[in-house]
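Trainee: Got chain L sorted already, so can you dock chain D with the ligands onto it with the hints?
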Amino acid sequence: MKRIVELTINGEPRDMTVDSCRSLLDALRDDVGLTGTKKGCDVGDCGACTVIVDGEPVNACLMLAVEAEGRTVETIEGLQPGVDTLHPLQDAFMRHGASQCGFCTPGILMMAKKLLDDNPRPSDEDIRFGLSGNICRCTGYTKIFDAIKAAAIEMEAARS
Amino acid sequence: MNVTTPIEQRDFKIVGKSVRRDDVLEKVTGEAEYTGDVKLPGMLHGKIKRAAIAHARIKSIDVSKALAYPGVKAVLTHENVPRVLHYGSPHPRSASCTKDQYILDDRVRFWGEGVAAVAAISEEIADEALDLIEVEYEPLPAVFEPEDAAQPGAPLIHEVGPGGNLVLDPVRVNRGDVDAAFAQADFVLEGTFSGGRPHPAYMEPNVCIADWDGSNKLTFWTSTQTSFMVRGILAEVLGLPLTKVRVLVDHMGGGFGAKQDLFQHEFLCALLAKETRRPVKMEFTRHETFVAGRSRHPCKIWLKQGFKNDGTLVARDMKLVYDSGAYGSHGPGVTIVGTTAATSLYRCENVRLEGRCVYTNTPINGAFRGYGVVQSYYALDIQMDEAAERIGMDPAELKLKNVVRAGDIAPSGHPILGHGLEICLQHGMDVLDWKSLRNRDRTPDPKRPHIRTGWGIGCEMHGSSAYPGIKEQGNATVKVNEDGTVTLLTGAAGLGTGAHTALAQIVAEELGVRFEDVGTIHGDTDVVPWDIGAFASHTTYLVGTAAKMAATKVRASVLERAAMKLQVKPGEIDLSEGNIFVKAEPGRFMTVAEAMGPSRGIPAANIVANGTYEPTKSYSFAAHFAEVHVDTETGIVEVKRVIPVHDVGRVIHPIAAQGQIEGGIQQGIGHTLTEDYIIDKKTGRSLNAGLVDYKMPLSMDMPDIETIILEAAPDPGGPWGAKGVGEDPIIAIGPAIANAIHDAIGVRFHHYPITPEDILKALREKGA
Ligand code: FES
Ligand code: FES
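Chains as they are written, first to last, in full-length UniProt numbering: chain L, 1 to 160; chain D, 1 to 768.
In isolation and in its complexed conformation, chain L is listed as follows (with noise of 0.2 angstroms):
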């Protein structure tokens, strides 16, 4: 069956007509063209697909699209604040060398994200729970660690 979905990605007002069984990750990837979040596994298990639901990280395999509607919905391709600048944390990931074959890296960066909006100053033990779910197989995350520490204290300088 069928459904219309309306929601906010990104800050825009959208539908999607999925079908009742699609999930997010499919209807976001297949039906709206966001293509930025990955699918790693398609059964919860990578934090590949992470995105941002009311304020929430969830693994959008694991949402089925119809249950988006009405929310507000948070992908790789909204974290830019501009068409010409880059979230901190897309600067620090890429000057610390934290993202090498990229595929976990839209799913890290928006539980990154989702860390320093809650915890702006967070402690090494924090971050590693932080990405506890999320799986990076190439960089054995220590660049990923230092590029969010960076990121921290470059937007914790930013707001004083």
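Mixed in with the good hints there might be a few duds.
[As the list claims (entries may be wrong)] Sample of chain L residues with no beta-carbon within 10 angstroms of chain D, all distances over it, derived: (1) Gly-11; (2) Ser-123; (3) Ala-157; (4) Ser-160.
[As the list claims (entries may be wrong)] Result set (SDA-like, lysine to any residue): computed pairs, CA atoms no more than 25 angstroms apart in a straight line: (5) Lys-149/L <-> Arg-20/D; (6) Lys-149/L <-> Leu-25/D; (7) Lys-39/D <-> Cys-21/L; (8) Lys-149/L <-> Thr-29/D; (9) Lys-149/L <-> Ser-699/D; (10) Lys-17/D <-> Ile-153/L; (11) Lys-2/L <-> Glu-123/D; (12) Lys-39/D <-> Asp-19/L; (13) Lys-695/D <-> Gly-133/L; (14) Lys-695/D <-> Val-43/L; (15) Lys-2/L <-> Lys-39/D; (16) Lys-640/D <-> Asp-124/L; (17) Lys-640/D <-> Asp-146/L; (18) Lys-479/D <-> Ala-563/D.
Note that these hints are calculated values from the structure, not bench results.
From the three backbone atoms N, C-alpha and C, an ideal C-beta is built for every residue, glycine too.
Mentor: Just chain D with the ligands now, with coordinates in the frame of chain L:
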């Protein structure tokens, strides 16, 4: 070691700097296009019906219900696909492959092998149609362990090959007089070792899209490390000229070696698209990446070594048996590389080695970072620690005494260049103050008396090419455009290592332009020069040299053109940072853009040159120092700190090189402690084909890694002495952890993964 000319030294402007990676900009914004992101009009979705039996003959297969299912457009079985015997790992410039597979056969050789394929208007419909295909099997006796498969009278898995379920004839190496050396040894150590079945678990599941045009040309998007091999083997098996197959791959979500086979689903995707005359996409589920992907060869090793009482190694006798799974894939290459690697690492004049590779009715094992050497060096390095223990010597000292040095014969047959391993080992010992670490107070922390700490060392060396098994060829084309910008065309794949950035750095450095002015084109076999593929840690070494050669040529031509414009001789001018200046009068200069652009009477120009390079081999080295905490109550081992010391020759992009090392350590900790893709020994069924049951080290599990990269032994075969780095880290970390566990609790393990159950059992036995 290819050329004897000394390595050129210069004041580097771009090489050695962690410049901004363009591919990463696309990755952090979500714009990077991976194969799975490509969507074509009218695209169908393909799915594969997989056998739920490990060894059988297909008696009958009925697809009528599936074909009649609404939305299904085509179904393929062994009865309607071309029957061409082909390679799984078609390295075109090697002789070490076994032709042992058909696209679809009337025989099943492992649980999960594809027996039919469906194309439908949606993935869901294709999936549902799979259940409507009825297959009747005649079960055949199956074997799941190499020991059983190698028994006389064991069921034969293939008709091809040397027989007895061998994938290739045993690989043998004999050097010196092993028996005489053992007779003169003061003591002899003998042991058996074994390794599990780690899986690469790249984050992007295998995916491909096939599309045929009216001229019968196939355009094929696929997540592969080896696009030209895909082109070659697809063309061969489908009976097409090479010009009728175009392979495209932009970004890849990792591969780690395992995306360099030609997979069954890739043929089927192409054939479904041909049959339906519509584009078809096939995307693995995570479960399929395990079952139908490639894992590391499980291995059993028997190792005997003789030593003098001063710790000098005098004789080595080693037998290795690799489990190939149901098809040959990289079995021959892995067996040859893993076996011959054991001629070296620790110098020994008397060596006798025998490597075998055996078919079993289990999922296919293939190339995975560390390619056969993870297994053999795990055994070698642990036994070196045991030798040290036997004579009461510091293992670091014993290793230092025996490590290969300049002039020793490498596995490839070449003399080793430089003292890379010795320098790495010594450097790590100095940085850590290893002596005092050894002599530290070992009383457990009274607050946590069940935690024991230990330190261990693992050493490794690895070639920056696949020579002599494969004669590689690196190619690059460099164009200087009429506005002075530069385009590099390369066939090297972008696995995520930063290879394209390193190649662009090399071109910019050699040519004398800014890094930002070099753009890279890759990933289209119709456009870029032929490439052997990204494997064997060779892209920077092999393609980097080819790119440097091409840049040297265009530089000369640019200077010639500028000289004409400046009305001087080419020798009188130089080029640096995009400016061409008269050496005697530095105030007189023009930019590369001005040199290339039009001026009165001289039209604008493009300058193009190619570089082709056929190297032999260089070796990179590493010594890893690892600290572990062993919980004697739970058996859990935590790796707390790793100090990897690597010699990679000239470093092109430091952050990318460090990233390779840190990621390799993550995967190596995994296979040493938790990762093992388990196949049921009764049925051949996969027991943990998913990311929760297959346990990898994640953010909470990673140690502090303090990477040290030394430019200890640059090799003139690579650009300014650069060597490879991709495979090295995963090899050294394993024995470092195993040796550290021994240091912590006094128990030796000869296998991986070393699980908490193993630790607890060993502690119980030790206590008893
Ligand atoms: S794709 Fe959603 S968690 Fe893996
Ligand atoms: S960068 Fe490849 S999985 Fe994280």
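Trainee: Does the claim that Ala-157/L lies off the interface hold, with its Cβ farther than 10 angstroms from every Cβ of chain D?
Mentor: 20 angstroms, holds
Trainee: Between Lys-479/D and Ala-563/D, is the straight-line Cα distance small enough, at 25 angstroms or below?
Mentor: OK: Lys-479/D and Ala-563/D at ~19 angstroms, within 25 angstroms.
Trainee: Hey, Lys-640/D versus Asp-124/L, does the alpha-carbon distance stay inside 25 angstroms?
Mentor: 14 angstroms, holds
Trainee: Holds or violated: Lys-149/L with Ser-699/D, Cα cutoff 25 angstroms?
Mentor: With a Cα-Cα distance of about 14 angstroms, the restraint between Lys-149/L and Ser-699/D holds, given a limit of 25 angstroms.
Trainee: Under the criterion that the straight-line Cα-Cα distance not exceed 25 angstroms, is the pair Lys-149/L, Arg-20/D satisfied?
Mentor: 19 angstroms, holds
Trainee: At 10 angstroms, judged by beta carbons, does Gly-11/L keep clear of chain D as stated?
Mentor: 15 angstroms, holds
Trainee: Hinted pair, alpha-carbon criterion (25 angstroms max): Lys-2/L, Lys-39/D. Please report holds or violated.
Mentor: This hinted pair holds, its Cα atoms lying about 21 angstroms apart.
Trainee: Does the claim that Ser-123/L lies off the interface hold, with its Cβ farther than 10 angstroms from every Cβ of chain D?
Mentor: 13 angstroms, holds
Trainee: Would the hint linking Lys-695/D and Gly-133/L be met if the CA-CA limit is 25 angstroms?
Mentor: 13 angstroms, holds
Trainee: Does the structure keep Lys-149/L and Leu-25/D at a Cα separation of 25 angstroms or less?
Mentor: Holds: Lys-149/L and Leu-25/D sit about 19 angstroms apart, inside 25 angstroms.
Trainee: Taking 25 angstroms as the top limit, are the C-alpha atoms of Lys-39/D and Cys-21/L close enough?
Mentor: 21 angstroms, holds
Trainee: Within 25 angstroms, alpha carbon to alpha carbon, are Lys-17/D and Ile-153/L?
Mentor: Holds, at roughly 24 angstroms.
Checked against the numbered hints listed earlier, the structure breaks none of them; every hint is satisfied.
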